[in-house]
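Make one complex out of these two single chains by using the hints.
For reference, the chains in residue letters:
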Amino acid sequence: MDIKDFDFYKSLLRKKTGLYIGPAKSSLLSSRLTPIAKKWGYSNINMLTVALRSLPEESLVDDVVEEMMDLQTSFFRDSEAFDQLCDKIIPELAKIKRKDDRLLNIWSCGCSTGQETYSLKIMMQESPLYDTLRGLTRNIYATDISREAIRKAEAGSYSQHEVQDGLPVQLLTKHFEQNEKTWTIHPQMKRFINFTHSNLIEKQPLKYKSDIILCRNLIGAMAYDVQEDILSYLAGQLQPHGYILFGIGEDIPEINTYFEPWDEAAGIYILKKD
Amino acid sequence: MKRCLVVDDSHVVRKVLCRILAEFQLECDEAENGLIAYEYCEKNAMPDVIFLDWNMPVMNGLEFIEKIRSMEGGTGPVVIFCTTENDMGLIGRGVQAGANEYIMKPFDSRIIRTKLIQTGIIPANLKTGFDVI
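Protein sequence lines correspond, in order, to chains A and B.
Start counting the first sequence at 1; every next residue gets the next number (the working numbering).
Start counting the second sequence at 1001; every next residue gets the next number (the working numbering).
This list has only true hints and no planted wrong ones.
Facing chain B, a subset of chain A residues (Cβ under 10 Å, in silico):
no., residue
1, Pro168
2, Gln170
3, Glu180
4, Trp183
Just so you know, these hints were derived from the structure itself, not from any lab.
Cβ atoms here follow ideal geometry from the backbone N, Cα and C, with glycine treated the same way.
If we strip away everything but chain B, and leave its shape as in the complex, we get (with noise of 0.2 Å):
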């Protein structure tokens, strides 16, 4: 089972990002900011994907995945900026910093799905129980 890290300070929105994972057989586990993810990241194996809000207290988004990227093994997980920022400079930013994807919020299980296949980590038959909608 592939194992993805959701950081985003928001409750509600870590409890709909797991929601919606889980449906792709995705195992989840949450951080609150960057350095809860950095630290995170620094104790267990790295995940194969993380979903990156990208303003946070204490350490935000941009600063964790280019903390991130430099460690070791840091460069192996899928990064998908998940926020309300949408400027286009700034996705800009965050795909220079090593983001592979950007979803600007707000966002779907369909918009989720499609960046999972695209950067691999599902591969585009799986059923879920979404496709009943």
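Next up, chain A with everything else stripped away, as it sits in the complex (with noise of 0.2 Å):
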């Protein structure tokens, strides 16, 4: 792809998703963009581009701007983070939460397929944080900008490989029906998850504000000039008390303007106070 093509990419997806493509990902690019032209009509990319450069339709936009999207995850990713949840973070919370309003908010933003919401839900289903939790109501609202994505964590079904990438085998057995190579969540285990299409740059208010927000390997992966509006938004979202978390290692320069880190190596942090 030339750099002019590229740019326009790039671009396209700066001013739709606030997401940051280096150069390095071109011929990438040009390998996932090549099965939407076909699917579009175009002989090639230089046609595809051509259409979106003219007056494009909405939904051949979403397309093209979907596969340009990273949608990695896994079940229980960075055990660590995990660890800090299941042994601090929701005891406190839940010790809080029970002389208040008896409810526990979790974000799971930039949930794509749903394996760290359902790695929440089933953590706190299990020993020992069933009985941490016992009497309050803990909901997660799980929230994506691929409605792709959206719609496989809402079916809740998985291949062989995906179930295999982080979720140990007795909790695979209890949780889950299988169907030949097709492994599907339990029914029940969907009770107060609210997967919903949301796109983070358009810093919707939440009808309740977070006790915990995850946030893994998303802000990182923003322009840097539209990380500091996230952070600014993500921090209006969390409850004075309440835990972030965000992916191992990010690159995220203006953290500490609205953040201190708790665990930094584990990548959470709470508000800074003023």
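Given below as structure tokens:
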């Protein structure tokens, strides 16, 4: 792909999602867009690019943007973060919530195909958190910009490879139904999870502020000039006693403007005290 | 250095597994069926982790794990089934017989890595050659 075309896709992605794509991804981009060109009846990417530069249908733009996003995820990704949630953060919040509205709100922001969300749900359904959270309602609000990912997350069906990527075997056999090589999470595990399509750069205020926000491996993938704006929005959606989890080792230069590290190695932050 | 025993009747699978495990700084020995593996465990110190195929001639994986779990020191090793058997019922039987984890073939280094972390064989922050991928 020539540099002008690459820059066109780069700014399209930036405008629609805030995400940044570097020139090293140029050939990856070509290989991902080739099937989209075919699907829409264009003989090659150049024709697709010409169409996009004129007056394209909104659904074509959506398809292209969708294909440019990285949806990589896995069950219990970065175990350090889940260990901290299980051992310290959720028990601490449970204490606070017990004296308060007995409602624990978790936001899985950029939930992709749902593995992170279901990992949380499974963890809270298992010992020791099951007892810790007894009598508390725990809502998980899970959002992603990819409609395709949200559809898959709602279905809760995963391939053999996907379930093996992080899910311990005892939890797999306990919480999933097998149909040949497809594994589907039990319907009762979807209760109190609300999967919604949402674009982070639209900065929609949440109905309830979150006690925990998981926003892992997303902000670091955004253009620097978008990051600060989104960090400020996220800070506004977090309860004063809340915790926010970023990806381990994410490149977010402005993070300290709004948050202070609680366990930096695990990517866990709290609101910055004035 | 932690020691690992790979039990599989396929030479290729053993080689692939050993290559991946070496990357996680594990020392590897191989056995081509359950009986050879059982004899290995009698003669040597128990390995820290055993990767175990299900279908093998002479002695299969299920017979092997049942035998080894009743041996002296036989509850020590982490046993991870690594097999094409992917039926929920068989997975349950394997776990019932004492397997700590279960991998359905085909596998890759990512899956092996998570299983090794979750069973406490390697630390979560272990750096390997795979990280650059």
